[in-house]
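Novice: Chain residues, written in single-letter form:
There are 2 protein chains.
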Amino acid sequence: MNDTFLQACRGERTAYTPVWFMRQAGRYLPEYQKIRSKVSFLELCKTPELAAEVTLQPVDIFGFDAAILFSDILIPMEAMGLALEFSEGKGPIFANPVRSQKAVDELVVPVPEEAVPFVLDTIRLLRSQLQTPLIGFAGAPFTLATYLIEGGSSKVFLNTKKMMFQEPKLYHNLLAKITACTSAYLQAQARAGAQALQLFDSWVGILAPCDYQEFALPYVRSIISDLRAVTDVPIIYFANNGSTLTGLTTTAGADVLGFDWRLPIGDAVARAGQHAVQGNIDPLALFLPKKQLEERIQTMLTEARDANGYIFNLGHGILPETPPEQVRIAVDAVHRFSGKP
Amino acid sequence: MNDTFLQACRGERTAYTPVWFMRQAGRYLPEYQKIRSKVSFLELCKTPELAAEVTLQPVDIFGFDAAILFSDILIPMEAMGLALEFSEGKGPIFANPVRSQKAVDELVVPVPEEAVPFVLDTIRLLRSQLQTPLIGFAGAPFTLATYLIEGGSSKVFLNTKKMMFQEPKLYHNLLAKITACTSAYLQAQARAGAQALQLFDSWVGILAPCDYQEFALPYVRSIISDLRAVTDVPIIYFANNGSTLTGLTTTAGADVLGFDWRLPIGDAVARAGQHAVQGNIDPLALFLPKKQLEERIQTMLTEARDANGYIFNLGHGILPETPPEQVRIAVDAVHRFSGKP
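Chains A and B supply the protein sequences, listed in that same order.
Following our numbering, the numbering of the first sequence begins with 771 at its first residue and continues without gaps.
Following our numbering, the numbering of the second sequence begins with 771 at its first residue and continues without gaps.
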């Protein structure tokens, strides 16, 4: 069993730097495309044998030091009773956005074992097959709320912020319900065997720090605090585009803080204090020629050397256009430069 | 003549805090919509009488302390020889993206007086009518390049970064040409009477600092340095979503640094050093109820009190959905709380 990832999460010394990539199981891989061509995205998420297979692919192909469950942050939101569609090119769509107390009242807080058994089955299946740790995950409540309130992706998040600013009670009622769902969902993942849990706060970078503190952070803290009571798996919190929020994200209670590429990794390490650090090369830097890509990785490893546990990752999800060969170059470089025998 | 804005740009004490809003002349105003309903967006930009009229509207209606030329950052790019379209809902489109040395070679560096006389005529017209200073502007080269390379707006800027990383010579050739165009364009605006000049680096927040330093900053510096040789109008540099770039943007040579809302204004003031500071309330905060909006503005004025010149602004352009009455509340609050008689 390769335990470097979990050791780094716990701030322990590792023989070399563990590496995994956000969205490592995904569209850039021909092996993934082959399976995906036969089923829809949601079917893939909901079929444990297939979800487990695509989860394993990048670990087997590139030698990543952790696997991350193949799923989507909106799966538990669908289980709250919302019709969810993934349309080609447009991303996720909730046809009935949640913008009233009535809509909030109608949301169910599902029992994960009943509502999303396929996720837990996938985890169990993976644990029987993996030689690396398995990361489970969920969206953080603010990020999930933006999808529910906007009805899908957004650029300026007008409806979300309008609700925050003009109907704060409604907003907080919605967030409390999403938080209850997410908390139960992550606890169920831990029970099923997930060995680390990552909270993705993909859109939190659109908030001023004062608004993050009021409208997003308390719900992250609540989930992490709930988890602490029932499990000791490491918890990773990734606040995307959150460099001005680090004074607050360090108080969320996570073991590991993930960073996007805008903050130099040395600065991230300095701000993370006692937390382990995960990140953060620009996913587009994977398009650099081999020599420059390797140089950039070497520089990052040097700059991150004082981290209290360091996990190499991208600063955001890998793009579908990325040549798999470049992923191999990057993973090998992280391992080689950090002393993997 | 109301000179508070120019005084603040120069770091002088002002009787009260001057305020203007990015995109203050625009779609949220019924008075703008009335004119816009008769002509296309590009026609409006290219008709000096109409462009001047919509420029004046928000100054007359709300008492802003500066006017900003009504135009678009892509106007000079069209003058380089590129077919530009604005499609409803999709934003700007360059049907022939610039992705080869041949395409770069075909770009013209236009003489502003010949290629965009309407911009300079608008400036002259406005100077004869305005009781506040007039701000001219241009896009910063990196931001302009993204539109040319992507062929329009983008989310991940794949083509831009691929060119930077895989064809740096081509990328730098393109940037040099855009820079020459922008430099001449801003100098012509100053000659025509613009009393301050703002460089909008709207997309620079997608760059890691090391890439910003190599692929964006040198061109900003070059434009500002060219301007210094021929004019003493204050220069404002707005690096949107650039909080991790402040160690570099402070070396660009600008008089004033603009900030988006992600960085608390007190931190912006601290990082700006000797620069005057412009910004930075979340444009969506204009949807707050009156009392909270006023409180937020009062807090900002307090936190910005040590600035070496402070100009109140939004942290990004105003949204079309903003109720004009909220703009009035904000402008009045800035003036009242900062001691305007």
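What the hints contain is simulated information worked out from the structure, not anything from laboratory work.
Heads up, some of the hints might be wrong.
Copies of the same chain look alike in the list, so a pair counts if it works inside one copy or between any two.
Said to hold, decoys possible - Think about it this way: if two alpha-carbon atoms lie no more than 25 Å apart in a straight line, the pair counts; the simulated DMTMM-like pairs of lysine to aspartate or glutamate are: (1) Lys925 - Glu858; (2) Lys932 - Glu858; (3) Lys1110 - Glu1065; (4) Lys872 - Glu937; (5) Lys1060 - Glu782; (6) Lys860 - Glu813.
Here the structure is a predicted model, which means the values were calculated and not measured.
Novice: Each hint should be assessed against the structure and marked as holding or not.
Specialist: Hints versus structure:
In the homo-oligomer, the alpha carbons of lysine 925 and glutamate 858 lie at most 25 Å apart both inside one protomer (18 Å) and across protomers (16 Å), since each shortest distance falls under that limit. Only between protomers do lysine 932 and glutamate 858 lie at most 25 Å apart by alpha-carbon distance; the minimum there is 24 Å, versus 28 Å within a single protomer. Proximity of lysine 1110 and glutamate 1065 under a CA criterion of 25 Å is satisfied intra-copy only: 17 Å inside one chain copy versus 55 Å between copies. Taking the closest pair of Cα atoms, lysine 872 and glutamate 937 come within 25 Å of each other only inside a single copy of the chain (14 Å); across copies the shortest separation is 55 Å, beyond that limit.
In this assembly of identical chains, lysine 1060 and glutamate 782 lie within 25 Å of each other by CA distance neither inside one copy nor across copies; the values are 31 Å within and 51 Å between. Only within a single protomer do lysine 860 and glutamate 813 lie at most 25 Å apart by alpha-carbon distance; the minimum there is 18 Å, versus 31 Å between protomers.
Comparing the model with each numbered hint stated earlier shows that hint 5 is the single one that does not hold.
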